[in-house]
Amino acid sequence: DTAVSQTPKYLVTQMGNDKSIKCEQNLGHDTMYWYKQDSKKFLKIMFSYNNKELIINETVPNRFSPKSPDKAHLNLHINSLELGDSAVYFCASSLGGGTDSPLHFGNGTRLTVT
Amino acid sequence: DQQVKQNSPSLSVQEGRISILNCDYTNSMFDYFLWYKKYPAEGPTFLISISSIKDKNEDGRFTVFLNKSAKHLSLHIVPSQPGDSAVYFCVAGGTSYGKLTFGQGTILTVHP
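Just so you know, the protein sequences line up as chains A and B, in that order.
Quick note: the first sequence uses our numbering, first residue 1, plus one each step.
Quick note: the second sequence uses our numbering, first residue 1, plus one each step.
The shape of chain B in the complex, shown without the other chains:
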């Protein structure tokens, strides 16, 4: 039962262009969403988050958009840099205290 789905296993983008990573969720009880980034042989690191009372949160080159009615969120990276190449996990929380549900991840490759 995949409550958080990242339907694109991979995404390839040219340096300087925009990267858009998408995520859909099924559980309407989710009220907090996060994106984590993971490099090979390392643990995931927190990137950006958004509460369900907002529809947008921006932090430098990273912006997360939330569309609650569509149960959809996206992460925009502008401009993309080769160092952004990593696996990006969409994560949702709120169904029970402290419990986070991870998506399967999207491999982003940014070409120089």
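Isolated chain A (complex conformation):
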């Protein structure tokens, strides 16, 4: 019974395509996040949602659009994929939205754009 699950685990696609990554949490948490781990291994926050409301929206190209149909789901849609989008994307959730509320991460989606 995975707490934070994201699909797919691997995603290989060509430049210009549109793709989605799905995330679901069964922890009853109120806040969900998307993080990107780049080639230098830094994990950087992209978005956070609290009860379906957008809280954090970092400097991310508007080709990236998060969608939260309910507080247990936060999907990431990416339009017009570029080579630089290749990275590992992690979904996470937390009980509260403060920095003192530990994050529970999914196992990541490795996106490769060719």
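None of these hints come from the bench; they were simulated from the model.
Take these hints with a grain of salt, some might be off.
[As the list claims (entries may be wrong)] To give an idea of the interface, some chain A residues facing chain B are shown, with a C-beta separation under 7 Å as derived from the structure:
{"id": "1", "residue": "F42"}
{"id": "2", "residue": "I45"}
{"id": "3", "residue": "F47"}
{"id": "4", "residue": "S48"}
{"id": "5", "residue": "K52"}
{"id": "6", "residue": "I56"}
{"id": "7", "residue": "N57"}
{"id": "8", "residue": "P61"}
{"id": "9", "residue": "F64"}
{"id": "10", "residue": "A87"}
{"id": "11", "residue": "T99"}
{"id": "12", "residue": "D100"}
{"id": "13", "residue": "P102"}
{"id": "14", "residue": "G108"}
[Stated by the list, open to error] Just a sample of chain A residues kept apart from chain B, beta carbon distances all over 12 Å, derived:
{"id": "15", "residue": "K19"}
{"id": "16", "residue": "H104"}
{"id": "17", "residue": "T112"}
Virtual Cβ for every residue (Gly too), placed ideally from N, Cα, C.
Using the hints, position chain B against chain A.
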């Protein structure tokens, strides 16, 4: 602009000995610090945290020390076990609600 720096990309330790992982930060607005551990092909998992009003927090074999004047924190693992082999991320928060800044990670290898 790396506000959280883990200058040692890797650390190798013998089983039973102490592992010390170091982290420096530049932003004085950070007021909460966490360590996460990550195994290959998995997401990071929360390990231990410390508020800026403290200088030490201990949880079993794991202790985090915070030196605010030096903007430095460290994670001590005593005794180290082979199962501790993982990537350890130093993380800081407090500049804005819910936003965490991750370091680059240190690969810890504990040899039997």
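Results for each hint:
1. A cut of 7 Å between beta carbons decides the hint on F42 of chain A: the least distance to chain B is about 6 Å, and the hint holds.
2. Hint status for I45 of chain A: holds, given a least beta-carbon distance of 6 Å to chain B, under 7 Å.
3. Hint status for F47 of chain A: violated, given a least beta-carbon distance of 11 Å to chain B, over 7 Å.
4. Because the beta carbon of S48 of chain A sits about 5 Å from the nearest beta carbon in chain B, less than 7 Å, this interface hint is met.
5. A hinted interface residue such as K52 of chain A counts as satisfied when its beta carbon comes closer than 7 Å to some beta carbon of chain B; here the least separation is about 15 Å, so the hint is violated.
6. A least Cβ separation of about 6 Å between I56 of chain A and chain B falls short of the 7 Å threshold, and the interface hint therefore holds.
7. A hinted interface residue such as N57 of chain A counts as satisfied when its beta carbon comes closer than 7 Å to some beta carbon of chain B; here the least separation is about 11 Å, so the hint is violated.
8. Taken as an interface hint, P61 of chain A does not check out: its beta carbon lies about 19 Å from the nearest beta carbon of chain B, beyond 7 Å.
9. The closest approach between the C-beta of F64 of chain A and any C-beta of chain B is roughly 17 Å, which is over the 7 Å cut-off, so the hint fails.
10. Checking A87 of chain A against chain B by beta carbon gives a least distance of about 14 Å; that is not within 7 Å, so the hint is violated.
11. At a threshold of 7 Å, the smallest CB-CB gap from T99 of chain A to chain B is about 3 Å, leaving the interface hint in force.
12. With a cut of 7 Å, the hint placing D100 of chain A at the interface with chain B holds, because the nearest CB-to-CB distance is about 5 Å.
13. Against a cut-off of 7 Å between C-beta atoms, the interface hint on P102 of chain A holds, since the closest Cβ of chain B lies about 4 Å away.
14. A least Cβ separation of about 6 Å between G108 of chain A and chain B falls short of the 7 Å threshold, and the interface hint therefore holds.
15. No beta-carbon of chain B is positioned within 12 Å of the beta-carbon of K19 of chain A; the least distance is around 20 Å.
16. Non-interface call for H104 of chain A relative to chain B: violated, since the shortest CB-CB distance, roughly 8 Å, does not exceed 12 Å.
17. Distance to chain B confirms T112 of chain A as a non-interface residue, since its nearest Cβ pair spans about 15 Å, more than 12 Å.
Hints 3, 5, 7, 8, 9, 10 and 16, counting from the list given before, are not met by this structure.
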